[in-house]
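These protein sequences, in sequence, are chains A and B.
Position one of the first sequence corresponds to residue 244 (this note's numbering), numbered consecutively onward.
Position one of the second sequence corresponds to residue -13 (this note's numbering), numbered consecutively onward.
No wet-lab data here; the hints were simulated from the structure.
We treat Cβ as the ideally placed atom computed from N, Cα and C, and that holds for glycine.
Take these hints with a grain of salt, some might be off.
Listed next, the in silico DSS-like pairs over lysine-lysine satisfying Cα-Cα at most 30 Å (straight line) [to be verified]: (1) 233/B - 303/A; (2) 193/B - 433/B; (3) 327/A - 21/B; (4) 21/B - 62/B; (5) 21/B - 337/A; (6) 337/A - 263/B; (7) 295/B - 355/A; (8) 355/A - 62/B; (9) 193/B - 152/B; (10) 325/B - 303/A; (11) 333/A - 15/B; (12) 414/B - 370/B; (13) 359/A - 295/B; (14) 62/B - 359/A; (15) 322/B - 247/B; (16) 337/A - 387/B; (17) 352/A - 263/B; (18) 322/B - 303/A; (19) 426/B - 375/B; (20) 337/A - 15/B; (21) 355/A - 262/B; (22) 15/B - 352/A; (23) 21/B - 333/A; (24) 21/B - 355/A; (25) 414/B - 426/B; (26) 233/B - 325/B; (27) 437/A - 21/B; (28) 21/B - 352/A; (29) 370/B - 439/B; (30) 327/A - 295/B; (31) 359/A - 263/B; (32) 262/B - 437/A; (33) 440/B - 247/B; (34) 117/B - 325/B; (35) 359/A - 233/B; (36) 333/A - 295/B.
Stretches of chain B that chain A covers, calculated by requiring three or more beta carbons in the stretch to come under 8 Å of a beta carbon on chain A [as the list claims (entries may be wrong)]: (37) 46 to 57; (38) 300 to 311.
Single-letter residue listing:
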Amino acid sequence: MTTAVTLTEKEEGKVDKNNRPSSVVLKKLLTATGLPLVGILVFLLFWSFAAQQVDTSLGKFPGPTQVWEQFGSLYDEHTAEREKASAFYKRQEKRNEQRLIQDPSYQPKIRKYTGKETFLDQIVTSLITVLSGFFAAAVLAIPLGIAIGLSKSLNTAVNPIIQIFKPVSPLAWLPLVTMVVSAVYVTPDPLVAKAFITSMVTVTLCCLWPMVINTSVGVASIDKDLVNVSKVLRLPALKHVQKIVLPAAIPMIFTGMRMSLGIAWMVLIAAEMLAQNPGLGKFVWDEFQNGSSNSLSRIMAAVVAIGFIGFLLDRGMLQIQRVVSWDKESASL
Amino acid sequence: MKRLKRLKVISVGVALVMAFLQTPLHAEKLGFPEKEELRFGFIKLTDMAPIAIAYENGYFEDEGLYVTIEAQANWKVLLDGVIDGRLDGAHMLAGQPIAATMGYGTKAHIITPFSMDLNGNAITVSNEIWKQMKPNIPKMEDGRPVHPIKADALKPVVEKYRADGKPFNMGMVFPVSTHNYELRYWLAAGGIHPGYYAPHKGDVTGKINAEALLSVTPPPQMPATMEAGTIYGYCVGEPWNQQAVFKGIGVPVVTDYEIWKDNPEKVFGITAEFAKKYPNTTVRLTRALIRAAKWLDDNNNANRPAAVKILSQPNYVGADYDVIANSMTGTFEYEKGDKRDVPDFNVFFRHNATYPYYSDAIWYLTQMRRWGQISEEKSDEWYKELAAKVYRPDIYTQAAKSLIADKLIAANEFPDFDKEDGFKSPQKHFIDDITYDGTKPNEYINKFSIGLKKSNKL
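One chain only, chain B, in its complex shape (with noise of 0.2 Å):
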């Protein structure tokens, strides 16, 4: 017993010297994860491409990492899942962790070490509409439409619609995604009311002062639930517009990269308690993601045709691989026929796609505060503080330059991360040519003829 208990003595004495020793000499040296066996969700869109890059190509296992990735319903399910624990992360929309941060929903402080994508989404509308929409479109020579069409075109017939007592209704997948703000941007771009939302009332519909009434679709059934005629058009990522081309039952008339270009689309979503707990495991996850997404954009899109076959398997996407090679590949079809180039449809990588900027999501605190989500006004160092509580690009930094140090990406094809303040210089491009500062939000929210500003209050 005795000399038993010495050895203990002795080798936790041994251990503790040797921990000393490793300590300063590793310091910069990334830890096993503690956490081994994990759980991600996803919604079958081509945007959650990174988490099944990352598996197929033996990423997640490289970091000693066994990931089960699980299609999910809907983004409300994929969210509780991801609070309630049976999901360690997830595919999110960019507003999901931010409204589940701030309390809007389920409340449950939400991080995102990483960005999954720039842009990737469209507008389609159905055939019907099409057909009334396309005579207030200006031709090119060769007879196509000229794009980007602007929701003034769509204005007459929302007029129609409402003058004949039929509400016009339109499909979005869910209160806080992109999808929902950027039809929401388009549509008042062109002079169309989407509604206001008044949670202090219980109003969570966004429908007060609506021309356009927006509600909640799930991604997949998009296409059917347009065909049922329910909806007369939708807001939503690939593969659901070009399969509306495929199936002949709507067109798409404008991509997210139209409406503003290189927006911030996905996130990868963990609790800030996982990240606590699991340190090591969530640089090690961030750090297979970026080698997904680096894989995805290299040599000009090369990987893609061999991403899309992965895509195309029904455990992953499921649609046809054409329809979902039709925008991975850098083209995207609007009319049946009218196949445009649109090289940066999806951007996984480039222009520092996977950095979590913080002016990211305050763009979207912005548009939560422009649509009434956000009912109050809030100083600028509120969004700050809100954005820095929820992007996290120290933990990406930490990923980035481990992966830097291990010669697997090279230094440049990252932000200079002795610079970098989070927030992006401001953007030009959105389709009604206003400019966005991130360091500047009130200022924003006040340039907008249809919205919420300044005290607005409903």
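Looking at chain A on its own, in the form it has when it is part of the complex (with noise of 0.2 Å):
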């Protein structure tokens, strides 16, 4: 409540200055917050009555209210669990200095604890997975745009190549991708986790096509003048891509990114489950592989969440385009 008096104080001030009536903003206040709450709040109550209806061998659907209580009872386990994990800490401190007593030579380590990871990991693991398979993909596929950007040639010749690989699902490579990460990330003591590496290899698949073909369809439709001027100052190659062809394309270079991590965090989700790899997709197919009475509602829980998250990752990329890009009006909604 508070929140909303002060914006439409801070509204009110502005009003002044421009001299409009207060009316008028008030009244556009209300359908910029207004109506959108109204359309959850129909959402909500459609939800709950249509809930009602749907009989599962489970049970009835989860209304809003069995979700939002197992948002409460996935924290209260989250905290549970931190708490055994410190036990488990203490005990293996104990364990260790005990062992050293008998065994002088023994080198103590603190190992992880080998408890579950709660919703709120799976949350993290899952944000980890695909923003590094995202930037793996941004590494690959900006310069290889700008390159097909600039030669005609070199885009006809993998044209081809990129339309034929562009509509693939990036799970019907998952198969693939798991079978070559096993065969070739083989290291005694792995950095990271092989099944890590195959979600991530799996998003950066799926990110790498929408970033190539925007970069260089940004950079082959740089406006002829700027191409002029880098050829009047004879600039060179280099100097030409970062001072005329960067700026230039880089709302396209945008656009694109934007896209790839929409599909990229839908992709994410459906490979964790097919892989069983740990994030939120793998709690999704774990709950529904239990099969208990509160399944679905934690399975709608991970619903409401995939997609809030996957509405916050949006809206950061749009601030990063809005604070890079030079075009305003491609950063819009």
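Two chains, two frames, a set of hints: combine them into the complex.
And the structure:
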């Protein structure tokens, strides 16, 4: 409530400056915040009503209240697990001390907690995976896209391959990626888990194409005048890319990046489900397999969380785009 | 520099002398584990309980082992995980280490030092099939059907479906799973042919001459697959039979306890390489599992409710407490409301359940021969050699003896290790009353009316 009040006060301040009647602004504000609220309320009502009608073999479909309760219990589980973890570390230290007495040559080591990953842990894992896959794709795709955009002949050469691979669902790649990763990534003491690499590579594969295509289109459609300026100034190739191409193509590059991050998040959840790699997707699948009376509401809680995080990721990209890009038009909603 | 070197020489010398002094004194004492951080896989079934209990009760930690337990999607993923080293060990179908070592499916030398439980499976049919089966089943005075229900009651139903041109599909969890062999045993005992395998011809679907077509479905998906109408019934471990009752989508008709009393079910599988490389770790994890199994059976299942509470956590089996409790606490619900006492439905420790008997391994091999997974006739010796390669009572015995020495478990809780030869005396309690003697596999194979025998080859 208080935030709402301060907001209106601010708005009213502006109104005085612009000499506009405050009722118009109030109305605007109401439509800006009120309508979405009405939308959400109607949706919640419809959801709880519809949920009542759906009978599954695991009981009624969960309504908003059950899902809200599950968020509570998921958080409780998280704190309980943290307590177990600290008890685990204490026991471990004690055991290490005892072993040192018996066996002085022993090099004590603190091992990570071996208990389960909580819902919050799974969210963090998924976020780390999606972002690393996304950045790996950006590192590959943007230079490639610039090269394709600059050279017509390269574009013609590579285009068929891109067009063929672009529509392939990354999930089709998943088995191949899994096998290749387990064959290639063999170290006695791996820095990161194989499962992480598999998920990450899958995400990279699906982020790649939209980024390459958008970057190359952005680069190819630079204003002729700009290219001419560069020619007149006889800018060296690298300088040309740095000073002319990149700034000019940034809006398109970011559009591609935003698109692929959205796809990446969707694909990651599916990949985690399929490959049983840790993360939110695995959480959903495990709950489906459990088939307990809480499973459906826990899955629904995950669905809401996935949607919310996807929304935040998109908004995050948009903010970055707004800061970086000269073309504010392209960074609209 | 010189001084340092001398110091080194002295310290090495001291260490050597110490080692010499220590070896004879502590020959019996178990060394520290060579590998302390382990990752074990399991499938969401109640018989994974020994692993969960060994973790939750701190038995693994008592051995200095830090174990991470991870649910696996299906038995294939689990086995591949153990073979490629992603998992150090896993809750396995008894047939899996045997088949892998033999080279049926993925070839890898897998061994088992610990048998996880007896019984624990059941065969469930959908409501529709039950309705058609029920008139063929004799009734008790109170109107409830007489158990055990034989597949004779199902035979007319299968015939009707076949006459209508509808394939009679049923689900089991893996081609070399206990469930596959139990379902086949039950069907064949009632005169329904479950089909042959012919691996030498590349046919591993197991549907040659089949009247009932069996296919693989991961355990937790069984109820959903039956509900969708893809299969008419299935054989699976708990809680997936009881869940069909709770969901009201099917009726368990027979438990494996009735098909073969006290049949060996899951084992704990590790690679032979792991056992060789980390002998102390292997013995220590076996010790932890034996303690967990004993806890599960202590005082006539007194700890079972606590165990069910642990198993119902989402990271273990995750089904509702009531569903798991139904079978774990000594009762089994057939038709809704028809709850009967089956105290030995899940046995984890009594009847020497944890000892890896050669005769158990050989029973699985006889069934693999019977259904064509072993395509040629083999000698009795071959069966025994393969069993000895996979089942490792020597490791079990070492673990058990050290538990006895540590006064954690009394000696009379274990088989008499001086006399035990790894073969159970001939077992009689099968649904078709055929006696099984593990020392004479070929004689046993030749007793069945449905199934390959002698030098039969497809």
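Outcome of the hint check:
no.: 1; hint: 233/B - 303/A; verdict: holds, 12 Å
no.: 2; hint: 193/B - 433/B; verdict: holds, 22 Å
no.: 3; hint: 327/A - 21/B; verdict: holds, 23 Å
no.: 4; hint: 21/B - 62/B; verdict: holds, 25 Å
no.: 5; hint: 21/B - 337/A; verdict: holds, 19 Å
no.: 6; hint: 337/A - 263/B; verdict: holds, 27 Å
no.: 7; hint: 295/B - 355/A; verdict: holds, 25 Å
no.: 8; hint: 355/A - 62/B; verdict: holds, 28 Å
no.: 9; hint: 193/B - 152/B; verdict: holds, 15 Å
no.: 10; hint: 325/B - 303/A; verdict: holds, 26 Å
no.: 11; hint: 333/A - 15/B; verdict: holds, 27 Å
no.: 12; hint: 414/B - 370/B; verdict: holds, 21 Å
no.: 13; hint: 359/A - 295/B; verdict: holds, 16 Å
no.: 14; hint: 62/B - 359/A; verdict: holds, 23 Å
no.: 15; hint: 322/B - 247/B; verdict: holds, 24 Å
no.: 16; hint: 337/A - 387/B; verdict: holds, 27 Å
no.: 17; hint: 352/A - 263/B; verdict: holds, 21 Å
no.: 18; hint: 322/B - 303/A; verdict: holds, 20 Å
no.: 19; hint: 426/B - 375/B; verdict: holds, 18 Å
no.: 20; hint: 337/A - 15/B; verdict: holds, 22 Å
no.: 21; hint: 355/A - 262/B; verdict: holds, 26 Å
no.: 22; hint: 15/B - 352/A; verdict: holds, 24 Å
no.: 23; hint: 21/B - 333/A; verdict: holds, 21 Å
no.: 24; hint: 21/B - 355/A; verdict: holds, 15 Å
no.: 25; hint: 414/B - 426/B; verdict: holds, 14 Å
no.: 26; hint: 233/B - 325/B; verdict: holds, 16 Å
no.: 27; hint: 437/A - 21/B; verdict: holds, 20 Å
no.: 28; hint: 21/B - 352/A; verdict: holds, 12 Å
no.: 29; hint: 370/B - 439/B; verdict: holds, 18 Å
no.: 30; hint: 327/A - 295/B; verdict: holds, 17 Å
no.: 31; hint: 359/A - 263/B; verdict: holds, 28 Å
no.: 32; hint: 262/B - 437/A; verdict: holds, 25 Å
no.: 33; hint: 440/B - 247/B; verdict: holds, 26 Å
no.: 34; hint: 117/B - 325/B; verdict: holds, 19 Å
no.: 35; hint: 359/A - 233/B; verdict: holds, 28 Å
no.: 36; hint: 333/A - 295/B; verdict: holds, 25 Å
no.: 37; hint: 46 to 57; verdict: holds (count 7)
no.: 38; hint: 300 to 311; verdict: holds (count 7)
Every hint from the earlier list agrees with this structure, and none is contradicted.
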